[in-house]
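Could you build all of it, start to finish, from the sequences and the hints given here?
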Amino acid sequence: MVASFSSLGSASATTGYFEKDGYYARDDPEHRQASFWYGRGAEELGLAAPRDDPDARARHIDAEDFRSILEGYVPDTDIRLGHKRDGEHKHRPGFDLTLSAPKSVSLAALLHGDKRVIAAHDAAVKATLDHVEQNYLQVRIHDPATGRKPRFNAPHLIAGVFRHEASRNLDPQLHSHAVIANMVRDNEGKWRSVEPTEIFQNKKLLGAFYRNELAGNLIELGYKLDPLQLGTMQSFEISGYDKALRDAFSTRRQDILKYMDERGWEKNEKMAQRAALITRGRKNEPDRALMHAQWGERLAELQRDGIGLGITTPRRTAALAERVAAMNTPDMRNEIAQGALAWALAHLEERKTVFTHPELVATALSQTPGKTGLDEIETGLTGLKNSGRVIDAVIPDRRSDRAMAVLTTDRAIETERDILQRLEHGRGGGGSVPVTRDLEQTLTSGQLTSGQQDAIRTILQSDDKIIGIQGRAGTGKTHMLNTVVDLAEDAKIFGLAPTASAARTLEAEAQIPAGTLQGFLMRNAGLADGSMDPARVATIKARLDGAIIVVDEASLASAVEMRDLLQITDKLDLQRLVLVGDTRQLNGVGAGAPFRLMQQAGMETASMRDIVRQRDPLLKDAVHEASLGRGEAALEMLKESVIETDKQSLSIEAAEQWLELGDDERAATLLVAPMRHQRDEINEHIREALVDDGTIHGDVMEITRLDSYCMTRAQKQDPANYQAGDKVVFAVDSNRTGLKANEIYTVADHDERFVTLVDGDGEMRCFDPGGGIVTRRDIASRLDVFEPVEMSLQAGDHIRWTRNDNARGLINARQAEVTDITSEQGIQSVHMRTNDGRTLSLDHDDPQLGHCDYAFASTAHGAQGQTMDRVIAVMDSDHVALSNQKTFYVEISRARDEVTIVTDDRLQLADTLASNSGEMASALEAIGEVTTREAPAAPALDVNHDRVTDIATAEMTPTEPMLERYDEPPPPTHEAEYGETVRHEPTSEDGSIVTREREPEPTEEKTKERDIGMEMGL
1 MVASFSSLGS
11 ASATTGYFEK
21 DGYYARDDPE
31 HRQASFWYGR
41 GAEELGLAAP
51 RDDPDARARH
61 IDAEDFRSIL
71 EGYVPDTDIR
81 LGHKRDGEHK
91 HRPGFDLTLS
101 APKSVSLAAL
111 LHGDKRVIAA
121 HDAAVKATLD
131 HVEQNYLQVR
141 IHDPATGRKP
151 RFNAPHLIAG
161 VFRHEASRNL
171 DPQLHSHAVI
181 ANMVRDNEGK
191 WRSVEPTEIF
201 QNKKLLGAFY
211 RNELAGNLIE
221 LGYKLDPLQL
231 GTMQSFEISG
241 YDKALRDAFS
251 TRRQDILKYM
261 DERGWEKNEK
271 MAQRAALITR
281 GRKNEPDRAL
291 MHAQWGERLA
301 ELQRDGIGLG
311 ITTPRRTAAL
321 AERVAAMNTP
331 DMRNEIAQGA
341 LAWALAHLEE
351 RKTVFTHPEL
361 VATALSQTPG
371 KTGLDEIETG
381 LTGLKNSGRV
391 IDAVIPDRRS
401 DRAMAVLTTD
411 RAIETERDIL
421 QRLEHGRGGG
431 GSVPVTRDLE
441 QTLTSGQLTS
451 GQQDAIRTIL
461 QSDDKIIGIQ
471 GRAGTGKTHM
481 LNTVVDLAED
491 AKIFGLAPTA
501 SAARTLEAEA
511 QIPAGTLQGF
521 LMRNAGLADG
531 SMDPARVATI
541 KARLDGAIIV
551 VDEASLASAV
561 EMRDLLQITD
571 KLDLQRLVLV
581 GDTRQLNGVG
591 AGAPFRLMQQ
601 AGMETASMRD
611 IVRQRDPLLK
621 DAVHEASLGR
631 GEAALEMLKE
641 SVIETDKQSL
651 SIEAAEQWLE
661 LGDDERAATL
671 LVAPMRHQRD
681 EINEHIREAL
691 VDDGTIHGDV
701 MEITRLDSYC
711 MTRAQKQDPA
721 NYQAGDKVVF
731 AVDSNRTGLK
741 ANEIYTVADH
751 DERFVTLVDG
761 DGEMRCFDPG
771 GGIVTRRDIA
781 SRLDVFEPVE
791 MSLQAGDHIR
801 WTRNDNARGL
811 INARQAEVTD
821 ITSEQGIQSV
831 HMRTNDGRTL
841 SLDHDDPQLG
851 HCDYAFASTA
861 HGAQGQTMDR
871 VIAVMDSDHV
881 ALSNQKTFYV
891 EISRARDEVT
901 IVTDDRLQLA
911 DTLASNSGEM
921 ASALEAIGEV
931 TTREAPAAPA
941 LDVNHDRVTD
951 IATAEMTPTE
961 PMLERYDEPP
971 PPTHEAEYGE
981 TVRHEPTSED
991 GSIVTREREP
1001 EPTEEKTKER
1011 DIGMEMGL
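Numbering of the sequence shown is given in full-length UniProt numbering, commencing with residue 1 and proceeding in unit increments.
By construction, these hints were calculated from the structure, which means they are not laboratory data. What you are looking at is a predicted structure, and each value in this text was computed from that prediction instead of being measured. Glycine is no exception: its CB is placed at the ideal position from the N, C-alpha and C atoms. The reader is advised that the hints may include incorrect statements.
Claimed, not checked - The following label-pair restraints were derived from C-beta to C-beta distances:
(1) L661 / L907: 26 to 34 Å
(2) R51 / A741: 55 to 63 Å
(3) G771 / L618: 52 to 60 Å
(4) V700 / D375: 53 to 61 Å
(5) E414 / Q723: 51 to 59 Å
(6) H89 / E644: 42 to 50 Å
(7) G526 / A807: 41 to 49 Å
(8) R427 / G526: 25 to 33 Å
Stated by the list, open to error - Calculated pairs, DSSO-like style, for lysine-lysine (alpha carbon to alpha carbon, straight line, at most 30 Å):
(9) K647 / K90
(10) K385 / K492
(11) K203 / K492
(12) K639 / K620
(13) K224 / K90
(14) K115 / K224
(15) K126 / K84
(16) K727 / K740
(17) K541 / K571
(18) K203 / K647
(19) K541 / K492
(20) K727 / K243
(21) K190 / K224
(22) K224 / K84
(23) K647 / K620
(24) K203 / K149
(25) K243 / K190
(26) K149 / K90
(27) K90 / K203
(28) K243 / K203
(29) K571 / K224
(30) K115 / K190
(31) K740 / K243
(32) K149 / K115
(33) K84 / K190
(34) K224 / K243
(35) K126 / K203
(36) K115 / K126
Structure (structure tokens):
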């Protein structure tokens, strides 16, 4: 955690906290030197020394002054900020902005005693506060003419800064608390309370700014820095301070990681903050001399074990100063800024069509710590706007009647325009499909809903080449498609789906030969870009003449995927491209929502609204409300099925609800949570209980599963993101490097260009992850990077696959039950029964065991597509990214008969659902070319000082990774863990994986269809 920003509870508690740590004048003089007042407002009140006076000495903080200001008293006046309520004075004391140095910086400063590093940290803290003061410190002032309270900048900061040297576990941890008083003078000289929204919304940018200033200061001192991945942002460590040394002085971090590991929580910044809060103890910092002596003793012990040797403190020499100056020229800094912005755009564009200004700037600033600055980044961004690469845009803030300032890119706009142009080109290019019996008689025979009838008519009779089927959850889309196959049995119909599991479902239940959308796009990229051999193109076109391609779960396709699909199918003589999906359900991992965009642009679309899944009338009505975007109304209808518990116990309560069920009820119940860490915590709690009662039993096999970092292609192209011990898996062979598909390689090292890998035999190989220009076929798009995580297997465990093994028919998201663990001749084997009834045995070293996880619970993305009798659903009441209409709708619509909702606050959840649709705006919506049907097209702006008010960045930029890995090779980019419809599939007599029962021998026509499917990459 680099930067945190939070409101303070009370003046007395805040004063007491720092008083206990000895930062006031009457205590340890060395601690006293670590506190000081800062800001223009503090200077005006005589608290801080004038910053423009180089000879002025810092003025340290007195406890009484500190408490008085936090209570709202303006020194030397009779003014007290706040208001009276119920006879008591109410005033929020202020805010704590905490800035923390990387571990190696703390060690250089505190363990190796380089006081210049402490000064570098202090300077970076002050620079960050200067940035806050000039850009984000604001007040609200009532405008009697409009009745509104617009924001105004008020650059008169009052901050008490306290530098700490130790973590709560008394490890070296250099960090500063900047206590920003809720007191600021506006430009008319009036003292007011602070409006903190801008600071809250720019917290990540402030962390990047501090980190960048600190890095630049360290470079000037002669330190060499190594970039380091930190969640979704870049950080750095000082070269020479390896992971073993850093970890040895990170017992607090180890406590947090242990807590997260014990609960299966995902390792990201937000979950680390939650774990830190839960595990924090009271810090009682001893005498500094004693503390430093203890650190020295620990270092001596480590050095005896060969850890921490050879570290030297650099000296600033004339030659060093010359080198730093050469790197720090305006031209060099601007060039680096342009490269950082290009990287940031590539990274963000993969997942989002619109993003905020602070998000882009923070991402770019964090890419090259210390080598460029915010001014250069902003200058570079202005150049990108002038060139048309980046475009200012506005979207509605769905939680208010105002607007949200965002950015989009020329590529996003071009991609969406291309989609709509191809949609328009396909109008009138369809025509009726011959059917084998009377269409209207079949449709009106009473077996189909009106929505299913309309969908079938549209597929078989539309004049357009590209049509949509908008089908709500549980409206019988698969049954509808099966009827189309029966009616048009002479037609060539093929299917595409987002995952291999979904493709298998399409084949089994709709009788449509199917493959993955990603596989189809990769294998036929040559059709889109014109590189495919003309003879092969002619062959494919001849075989697909008049064919119908059905894309299931089309709402999961990204804008780039939809564009590529339309480019390919545009060059084929198809009769129809049928896009089937539900815009109300969850979006996919990639940027854009093209299925919704195409409907908004007028694509002929049949609507299936008649819900047939739910058998309970009340649940059916609630699902109907949720499908219309009225999740709060649906929640009110289901209030008797809501269980409230504290926020930290959501996952445990959901697990306990499942554990109270009988065996048959458990088998018919789906446990679902929005976030991966919640799913993992539920899995862990259930597993512990099942081990205790003997359901999970017998010998234990310890394996290492691979947990994907879910990097974007831009991240995978950066060698700095490959850390020693990480695992890398390629989707295709590389003849040039000798790297093999599906083999698990271990990262040994990296430099500025190359990554060194070690294979299972200990042989080292190097590869360049950048691979030159980004293309559809670059090496970074065909690999995945994983963190190894220890995992235990016993008889009774239920697991799901996280990567396909096509040779053995093991499909991502499909499940298996462990039946036994055996050992023969020193080799352990795990025996399983797959969910389609086959038996399977894998040795301990089988690579596929790295691609499994526990399967008692699912994420909301994993649940999409499943149907169960009962659902137990977790919903955090105020999670800005995931507590939205889409997640809620998916969770409750999986159940036929009964749903239990576990939340921490039902009323707050209702408010959150009412204001959070979960929908992401398209680029064309953002620039006004396509009008959204969910919000005003041109909301009123409340702008002051070139800022847009009430910017709700959290809704548009989710911070929790809610996505599972995509590992359907090729390519191995990530996908959500989309589920499959629960069903029993036919098996052979012995149920073995080798002698899987086959379907009846296909007719000659069906054989031709499958051959064509192979040509298409299906």
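A quick look at each hint next to the structure:
no.: 1; hint: L661 / L907: 26 to 34 Å; verdict: holds, 28 Å
no.: 2; hint: R51 / A741: 55 to 63 Å; verdict: holds, 59 Å
no.: 3; hint: G771 / L618: 52 to 60 Å; verdict: holds, 56 Å
no.: 4; hint: V700 / D375: 53 to 61 Å; verdict: holds, 57 Å
no.: 5; hint: E414 / Q723: 51 to 59 Å; verdict: violated, 36 Å
no.: 6; hint: H89 / E644: 42 to 50 Å; verdict: violated, 33 Å
no.: 7; hint: G526 / A807: 41 to 49 Å; verdict: violated, 26 Å
no.: 8; hint: R427 / G526: 25 to 33 Å; verdict: holds, 27 Å
no.: 9; hint: K647 / K90; verdict: holds, 27 Å
no.: 10; hint: K385 / K492; verdict: violated, 48 Å
no.: 11; hint: K203 / K492; verdict: violated, 55 Å
no.: 12; hint: K639 / K620; verdict: holds, 14 Å
no.: 13; hint: K224 / K90; verdict: violated, 50 Å
no.: 14; hint: K115 / K224; verdict: holds, 17 Å
no.: 15; hint: K126 / K84; verdict: violated, 35 Å
no.: 16; hint: K727 / K740; verdict: holds, 14 Å
no.: 17; hint: K541 / K571; verdict: holds, 8 Å
no.: 18; hint: K203 / K647; verdict: holds, 23 Å
no.: 19; hint: K541 / K492; verdict: holds, 13 Å
no.: 20; hint: K727 / K243; verdict: holds, 16 Å
no.: 21; hint: K190 / K224; verdict: violated, 47 Å
no.: 22; hint: K224 / K84; verdict: violated, 55 Å
no.: 23; hint: K647 / K620; verdict: holds, 28 Å
no.: 24; hint: K203 / K149; verdict: holds, 23 Å
no.: 25; hint: K243 / K190; verdict: violated, 51 Å
no.: 26; hint: K149 / K90; verdict: holds, 20 Å
no.: 27; hint: K90 / K203; verdict: holds, 26 Å
no.: 28; hint: K243 / K203; verdict: holds, 27 Å
no.: 29; hint: K571 / K224; verdict: violated, 53 Å
no.: 30; hint: K115 / K190; verdict: violated, 40 Å
no.: 31; hint: K740 / K243; verdict: holds, 29 Å
no.: 32; hint: K149 / K115; verdict: violated, 46 Å
no.: 33; hint: K84 / K190; verdict: holds, 20 Å
no.: 34; hint: K224 / K243; verdict: holds, 16 Å
no.: 35; hint: K126 / K203; verdict: holds, 16 Å
no.: 36; hint: K115 / K126; verdict: holds, 17 Å
In terms of the numbered hints stated before, the structure departs from hints 5, 6, 7, 10, 11, 13, 15, 21, 22, 25, 29, 30, 32, listed from lowest to highest.
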